[in-house]
Amino acid sequence: MSNRLADASSPYLLQHKDNPVDWHQWGSDAFERARSEDKPILLSVGYSSCHWCHVMAHESFENAEIATQMNRDFINIKVDREERPDIDSVYMTAVQAMTGSGGWPMTVFLTPEGKPFYAGTYFPPQDAYGRPGFPRLLEAIHEKWVTDREELVASASNIAEKLGEAARRSAGGPASVPAEAFEQAIQALQQSFDPEWGGFGQAPKFPSPSNLEFLLAAQAAGYTGSSEGPAPLDMALHTLRAMASGGMYDQLGGGFARYSVDREWLIPHFEKMLYDNAQLVRVYLHAFQLTGDPEFVRIVRETLAYLEREMRDPAGGFYSAQDADSEGLEGKYYVWTVDEGARVLGDEAPVFLAWAGMRHEGNFTDPHHPELTGRSALTDRQDIEALTRTFGTREPGMREHIDELRGRLLAERSKRVPPGLDDKVLTSWNGLAL
Numbered sequence: 001m002s003n004r005l006a007d008a009s010s011p012y013l014l015q016h017k018d019n020p021v022d023w024h025q026w027g028s029d030a031f032e033r034a035r036s037e038d039k040p041i042l043l044s045v046g047y048s049s050c051h052w053c054h055v056m057a058h059e060s061f062e063n064a065e066i067a068t069q070m071n072r073d074f075i076n077i078k079v080d081r082e083e084r085p086d087i088d089s090v091y092m093t094a095v096q097a098m099t100g101s102g103g104w105p106m107t108v109f110l111t112p113e114g115k116p117f118y119a120g121t122y123f124p125p126q127d128a129y130g131r132p133g134f135p136r137l138l139e140a141i142h143e144k145w146v147t148d149r150e151e152l153v154a155s156a157s158n159i160a161e162k163l164g165e166a167a168r169r170s171a172g173g174p175a176s177v178p179a180e181a182f183e184q185a186i187q188a189l190q191q192s193f194d195p196e197w198g199g200f201g202q203a204p205k206f207p208s209p210s211n212l213e214f215l216l217a218a219q220a221a222g223y224t225g226s227s228e229g230p231a232p233l234d235m236a237l238h239t240l241r242a243m244a245s246g247g248m249y250d251q252l253g254g255g256f257a258r259y260s261v262d263r264e265w266l267i268p269h270f271e272k273m274l275y276d277n278a279q280l281v282r283v284y285l286h287a288f289q290l291t292g293d294p295e296f297v298r299i300v301r302e303t304l305a306y307l308e309r310e311m312r313d314p315a316g317g318f319y320s321a322q323d324a325d326s327e328g329l330e331g332k333y334y335v336w337t338v339d340e341g342a343r344v345l346g347d348e349a350p351v352f353l354a355w356a357g358m359r360h361e362g363n364f365t366d367p368h369h370p371e372l373t374g375r376s377a378l379t380d381r382q383d384i385e386a387l388t389r390t391f392g393t394r395e396p397g398m399r400e401h402i403d404e405l406r407g408r409l410l411a412e413r414s415k416r417v418p419p420g421l422d423d424k425v426l427t428s429w430n431g432l433a434l
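At position 169 of the sequence shown the residue is numbered 169 (this note's numbering), and the sequence of numbers has no breaks.
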């Protein structure tokens, strides 16, 4: 039997309509019920293409015993962060202030007035990963609510007051940018830059298009940087080339995944977001304008072709996201075995397998799903001239031949069960894409 989410318009909320959890949508009804039944609120925020949201849903929200516990002791609200970015922003700020980090799924416990007093992200069904099991957490919070509510309410009021102060400071009108801020930003990026693989910091790595755009703008403005670190242009170009050559870029269909789980941009978290690809198109186009490198234009054209082919709404605009999972397995749609490549390409397979860096042992592993062992995310990190020498020159050239083989594998991949599609059309993300 469906719950209250059956009438939702959000694809994410509809994913939860058959949960045994008595979910509410965000609204006055939920808060009025919390007050009348004297229960705290359990707020769960996520989005339809979020892999760990799916994991927590399967482990906890589809579990009848856990759902019974949630329904008995809490009023449960489910929110799509892309449908309600205002709600997501407020409570993500609370999560980050209370825990030092954030992410989705976001799990926040509130008073009936909406004030947060405990927060986190993903919780496993049993104690693991240094986190309490979700049932144990629910029991502890319920007991605290019953036996020591004054402390929880006081904590919630204090958190809400500090968040309000922060919001008032950030909304205090135009702020001046000191002259040294530009240099400080460059230095901060230099200090966190990965000279081997590009990007900033360690794994997981996000594309951070705004940072790359800033570095390209610094070059365009004539800034060369200090002698104590890499030049802005070098950091940006090295990062862009490394991202586009790794598995984070869809080497068959174009477009970028949301982030890389490793520092090499090799294995992505396979979901694809409209806003990432819209911003990265601009960055790669600007990199081409500064360098004239045709490889940057190729990435621009392929990514735009992907958006037009797979993300366009016939009624107008672009969809929001594609899921990481297919048939319940993350990445299954995108990864390949050597045998699969050989079956599709026949005698032409050796050159493609060499180009894509594919080996029988694969480069993609999922300890929870051994059936994916031996599969690879495709890369573009082999020297084309070296491949030409190894396999002999083909007309009209090795790159063109590789592109033809890519097209054949893309056609074969289209026969697979596709990832889930979040078909919301969001104005702001479409503004970026347009």
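Incorrect hints may have been included.
Mimicking DSSO-like on lysine-lysine, the simulated pairs with C-alpha atoms at most 27 angstroms apart in a straight line are [as the list claims (entries may be wrong)]:
| no. | residue 1 | residue 2 |
| --- | --- | --- |
| 1 | LYS39 | LYS144 |
| 2 | LYS39 | LYS162 |
| 3 | LYS144 | LYS115 |
| 4 | LYS17 | LYS39 |
| 5 | LYS162 | LYS144 |
| 6 | LYS162 | LYS115 |
| 7 | LYS162 | LYS17 |
| 8 | LYS115 | LYS39 |
None of these hints come from the bench; they were simulated from the model.
Please work out if LYS162 and LYS144 have their alpha carbons no farther apart than 27 angstroms.
23 angstroms, holds
Satisfaction of hint between LYS39 and LYS115, Cα-Cα up to 27 angstroms
Holds, at about 13 angstroms.
Check whether the Cα positions of LYS162 and LYS17 lie no farther apart than 27 angstroms.
35 angstroms, violated
Verify the proposed pairing of LYS39 with LYS162, using a straight-line Cα cut of 27 angstroms.
With a Cα-Cα distance of about 24 angstroms, the restraint between LYS39 and LYS162 holds, given a limit of 27 angstroms.
Hey, LYS144 versus LYS115, does the alpha-carbon distance stay inside 27 angstroms?
16 angstroms, holds
Given the hint that LYS162 pairs with LYS115, does the C-alpha gap stay at or below 27 angstroms?
Given pair LYS162, LYS115 holds - Cα atoms ~11 angstroms apart, limit 27 angstroms.
Taking 27 angstroms as the top limit, are the C-alpha atoms of LYS17 and LYS39 close enough?
Given that 27 angstroms is the threshold and the Cα spacing comes to 22 angstroms, the pair holds.
Satisfaction of hint between LYS144 and LYS39, Cα-Cα up to 27 angstroms
12 angstroms, holds
Consistency note: the structure conflicts with earlier hint 7 alone.
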